[in-house]
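Engineer: These protein sequence lines are chains A and B, in that order.
Whatever position you read off the first sequence (first residue = 1), add 836 for this note's numbering.
Whatever position you read off the second sequence (first residue = 1), add 69 for this note's numbering.
Simulated from the structure, these hints should not be mistaken for lab results.
Backbone N, C-alpha and C fix where the C-beta goes; we use that ideal spot for every residue, glycine too.
Errors might be hidden in some of the hints.
To be verified - Rough simulated footprint, nothing fancy, chain B against chain A, three-plus residues with beta-carbon under 8 Å:
1) 882-889
2) 939-949
Claimed, not checked - List time: in silico DSSO-like cross-link candidates among lysine-lysine, alpha-carbon distance up to 27 Å:
3) B:Lys113 to B:Lys84
4) B:Lys113 to B:Lys140
5) B:Lys140 to B:Lys166
6) A:Lys950 to B:Lys113
7) B:Lys113 to B:Lys147
8) A:Lys909 to B:Lys147
9) A:Lys839 to B:Lys131
10) A:Lys906 to B:Lys113
11) A:Lys909 to B:Lys166
12) B:Lys166 to A:Lys839
13) A:Lys839 to B:Lys140
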Amino acid sequence: AQKITQTQPGMFVQEKEAVTLDCTYDTSDPSYGLFWYKQPSSGEMIFLIYQGSYDQQNATEGRYSLNFQKARKSANLVISASQLGDSAMYFCAMREGQTGGGNKLTFGTGTQLKVEL
Amino acid sequence: EAGVAQSPRYKIIEKRQSVAFWCNPISGHATLYWYQQILGQGPKLLIQFQNNGVVDDSQLPKDRFSAERLKGVDSTLKIQPAKLEDSAVYLCASSGKGYGYTFGSGTRLTVV
Numbered sequence: 837a838q839k840i841t842q843t844q845p846g847m848f849v850q851e852k853e854a855v856t857l858d859c860t861y862d863t864s865d866p867s868y869g870l871f872w873y874k875q876p877s878s879g880e881m882i883f884l885i886y887q888g889s890y891d892q893q894n895a896t897e898g899r900y901s902l903n904f905q906k907a908r909k910s911a912n913l914v915i916s917a918s919q920l921g922d923s924a925m926y927f928c929a930m931r932e933g934q935t936g937g938g939n940k941l942t943f944g945t946g947t948q949l950k951v952e953l
Numbered sequence: 070e071a072g073v074a075q076s077p078r079y080k081i082i083e084k085r086q087s088v089a090f091w092c093n094p095i096s097g098h099a100t101l102y103w104y105q106q107i108l109g110q111g112p113k114l115l116i117q118f119q120n121n122g123v124v125d126d127s128q129l130p131k132d133r134f135s136a137e138r139l140k141g142v143d144s145t146l147k148i149q150p151a152k153l154e155d156s157a158v159y160l161c162a163s164s165g166k167g168y169g170y171t172f173g174s175g176t177r178l179t180v181v
């Protein structure tokens, strides 16, 4: 079974609108972390937001928020007020095990977001 | 702090040639990862080091790929001989005691 599933290969959004990128995950480890990264065409992985499995509140970082629904094993990324510069590939990733334990990240297949005028 | 350094940034080789990539992680980060990202896909872990020991190399094609991390600091990933399907971006990342992972800019390999 896929550990991280991103079902939207591509998404379009109008500038200044909000957009939600879907991510579901599968793990039996009670301790895990969920990450979202942005990868522009230049190729670098830019960290956006993190949610720990024991965090009570949904994570927010500026225009990014993570809609964490633990029972449904989903960790959707919400981008508010989209900008043209948000056009990029977005990856959801998971770390199984505790923070700082030297555990690998497992990535989804990504969602290509295109912001239009 | 300085980021994860990778070189070269781009490399074009012919099939059956050999190539090597270098990575210098964040100072003090014990864990170093090499990922392969084929165009249009998510990164896939090739090998993970904890200090200078291998933690996970289950996805590394060991007949052609090798990696080392001497002295637990920088690392080299080698492909010999290269195949067309090795064309990808090779990302190096490191992690320490916190929750974050820092990625380098990657090496874009094209095998022709």
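Engineer: Let me make sure I understand: some of the numbered hints might not hold for this structure. Which ones are they, in numerical order?
Structural biologist: Of the numbered hints, 8 and 13 do not hold.
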